[in-house]
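> If you want the building blocks of each chain, they are given just below.
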Amino acid sequence: MTAPAASTDVVTLRDLDEPGRVPALVAFVSAVAWLLVGSLLGLVASLKFNFPDWWTGWAPATFGRVRAAHLNAMIYGWASLAMLGISVWLVPRLVHAPLRWPRVATGGIVFWNGAILVGVLALLAGWTDGLEWLEFPRSVVDPMLIVAGGMVGVTLLGTVLGGRARHLYVSVWYVAAAFVWFPIIFVTGNLPVFRGVESAAVNWFYAHNALGFWLTAIGLGAVYYFIPKVLGRPIYSYQLSLLGFWTLAFFYALNGMHHLIGGPLPTWMITTSIVASVLMVIPVAAVAVNHHMSMVGRFASLRYSPTLRFVVLGAVAYTAVSLQGIFTAFREVNRITHFTHWTIAHSHVGVYAFVTFVMFGSVYYVIPRLVGRDWPDGRLIAWHFWLALGGIGAFVLALNLGGVLQGLALMDPQVPFQASVEAAAPWLAVRSLAGVVLTAAHLVFAWHLWKVLRRAPTVGPLPPWHDPRPVVVPPPGPWS
Amino acid sequence: MTRIWALLLGATAAMTFALVVLVAIPRVQLRTLEPDPQVPPYTATQLAGRRIYVSEGCVYCHSQQVRDPSFTYDTLRGWGRPSVPTDYSWDTPHLLGTMRTGPDLINVGSRLPDRSWHLLHLYQPRAVVPWSIMPAFPYLFEVKPAAADGDVVVVPPSPYALPGRVVVARPGALALVDYLLSLDRTKPPVATPAAGAAP
Ligand code: HEM
Ligand code: HEM
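Residue numbers (our numbering), protein chains in the order written: chain Z, 1 to 480; chain Y, 1 to 199.
No incorrect hints appear here.
Take a look, some chain Z residues computed to stay more than 12 Å from chain Y by CB distance:
| hint | residue |
| --- | --- |
| 1 | 37 |
| 2 | 146 |
| 3 | 394 |
Have a look at the derived ranges for each label pair, beta carbon to beta carbon:
| hint | chain 1 | residue 1 | chain 2 | residue 2 | range |
| --- | --- | --- | --- | --- | --- |
| 4 | Z | 55 | Y | 117 | 21 to 29 Å |
| 5 | Y | 126 | Z | 191 | 37 to 45 Å |
| 6 | Z | 191 | Y | 130 | 41 to 49 Å |
Covered by chain Y, per the in silico footprint, the following chain Z stretches (three or more residues, Cβ under 8 Å):
| hint | region |
| --- | --- |
| 7 | 169–182 |
| 8 | 257–270 |
| 9 | 414–420 |
The set of hints was computed from the structure by calculation and includes no laboratory data.
Everything numeric in this text was worked out from a predicted model, so none of it was measured.
For glycine and all other residues, C-beta sits at the position ideal for the given N, C-alpha and C.
The whole structure should be built from the sequences, with the hints applied where relevant.
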């Protein structure tokens with residue numbers, strides 16, 4: 001591919017953004033709708049632990065169905081749609097070429113929504129494949145997802161290949177690779193040829209890589225874009241970006257069996273994954289240093305940019321969840337925490353405090369640029385931020401603690417099983433309260449989105465809360 | 001060619017490598033595994049029950065695997081011997097599970113072999129285990145004025161008793177209990193060439 005002569009033309013950001021406007025908007029708005037659906041499902045699932053006799057007469061409301069619907073609505077509805085939105089918006093900017101075939105992308109996003117709708121209803125009706133993270137019926141919903149995702153993937157890869165940028169920015173690596181990785185793992189995970197322990201191995205190969213090569217990849221891609229973009233300074237180190245990307249690619253893909261530590265698989269498989277988990281220190285440290293060093297000296301900008309506030313917190317959570325995960329992968333720790341709510345806490349640090357926060361930040365940045373007017377009310381952003389932060393903080397602390405207590409009770413053969421249920425119970429009540437707070441945060445967010453969509457275009461300069469004001473930069477510290 | 005191809009090829013290579021290590025090689029290794037004759041295939045009713053176990057999401061609260069005593073105290077809880085791959089020869093989808101909100105169930109059929117206990121427990125767990133947080137599954141049962149011939153009746157104690165009416169298990173509940181009673185992997189496994197699984 002050689003750069004066409006047209007590369008000397010003056011291309012404005014608006015030209016690059018324009019074709020991706022509709023698909024990105026459809027993706028973000030539908031993502032937020034799924035966030036609300038998923039929140040209600042999560043809240044119902046959580047309350048079922050506290051009130052096991054509440055709403056038991058109707059099969060679709062039983063815990064097992066609601067929980068599956070929650071996971072799938074959140075991961076494939078909210079998170080994945082927000083990621084599709086950020087991808088179609090980001091890639092054209094970074095490769096300096098407008099989105100190819102934007103109607104195909106819009107069609108793919110609409111079709112993806114249809115698949116999720118069918119899938120969530122199927123799960124509530126009790127129609128499931130029964131594999132965690134792969135519950136959607138493989139005869140109907142999974143092929144729909146492959147076609148829909150393929151439509152978006154083709155437009156993105158077409159855009160990248162036709163791009164004019166001479167240098168591919170880190171975010172493009174993550175996003176483009178994610179659209180290659182996801183179809184490979186998703187098809188593998190759904191092959192109907194595995195049974196017994198092999199089925200378990202492939203299940204967790206998929207589920208782990210869905211986290212590492214789909215959610216994490218696009219999440220990190222967005223972080224790599226927004227921190228330098230909002231601050232107006234380059235990312236700290238290109239070499240660290242390279243190191244982080246390739247070590248993630250090679251080590252993370254081998255992590256899956258750490259979900260089955262102690263399980264009836266050949267020992268070498270589990271050991272391989274534990275070793276690979278420990279090696280994850282390298283990409284995690286590379287990414288953490290890179291992001292942190294890009295922020296150093298500019299932390300005051302967090303006050304002015306909601307995008308930065310959400311994205312930087314998400315980046316910190318990425319480091320935290322990874323370190324927690326590495327810790328959890330050690331046999332000595334895992335024997336206690338494996339089957340407990342500790343894992344649920346870890347899950348939500350990853351999918352909420354990291355991925356969801358980064359997506360919140362992305363929405364705050366992109367929506368004004370899609371609709372040509374700013375968020376009408378800074379206070380609503382503040383409410384959203386503090387409710388989400390407080391809610392997830394309480395959720396995670398409660399379940400980490402409750403999970404350890406539950407695990408220690410399970411590890412003591414002298415105490416009856418009852419003790420592990422009772423040890424976790426108060427913390428499960430705290431989790432439900434946290435769920436109410438998180439749901440409130442999401443309602444504020446959705447209400448604000450509704451307001452910005454309905455509002456008349458702003459006249460004059462945009463208010464400042466998505467662009468940093470100049471801040472006083474402290475004198476160079478020991479690192480700079 | 002531009003670097004995008006290097007990127008896409010490298011990314012595919014990383015994933016392919018992992019596929020070989022964690023999917024292809026285990027497939028070759030596990031294929032040599034003969035089913036254990038002490039673990040027969042599920043009957044049609046047991047399979048129907050297993051489908052209900054799957055659709056009602058029992059797996060989100062119950063594991064079906066016992067870890068090695070060198071590693072945990074699972075065996076001291078009376079949950080059975082450490083699990084081996086041949087315990088699962090007929091399992092699709094697998095139900096190993098990742099949570100123990102409730103006890104492990106891989107040997108529940110040997111531990112609790114009473115059908116009426118299970119039926120009552122499914123109808124209302126707190127009627128048998130007061131501290132339980134397991135959901136009740138009343139929709140697997142039917143409440144009618146009088147039992148017909150062949151009905152399997154569940155008699156809930158107070159305060160769950162329904163005066164003047166009877167609780168009858170639907171076919172789904174009976175199949176589910178059939179499946180639960182089939183969960184018994186307590187006999188020592190018959191050694192097979194690749195049964196080298198430990199923690
Ligand atoms: C180096 C990085 C990481 C390591 C080594 C790691 C390790 C682990 C381990 C060992 C488990 C299994 C816990 C158990 O069942 O006993 C686990 C579960 C999980 N992790 Fe991580 N983790 C890492 C990063 C992440 C990230 C970045 C995310 C989110 C994007 C994440 C999300 C999850 C989720 C959702 C589960 C639960 C899966 C389930 O049971 O459904 N992890 N992780
Ligand atoms: C309103 C906020 C939320 C509440 C109240 C909530 C509640 C819950 C509950 C009760 C469970 C089941 C735990 C169990 O089985 O013991 C769960 C699991 C899960 N949730 Fe959420 N959740 C929320 C937000 C989210 C979001 C935003 C995502 C994803 C983006 C998410 C992803 C998941 C995943 C992946 C699991 C499975 C975890 C595992 O197997 O380890 N949740 N959640």
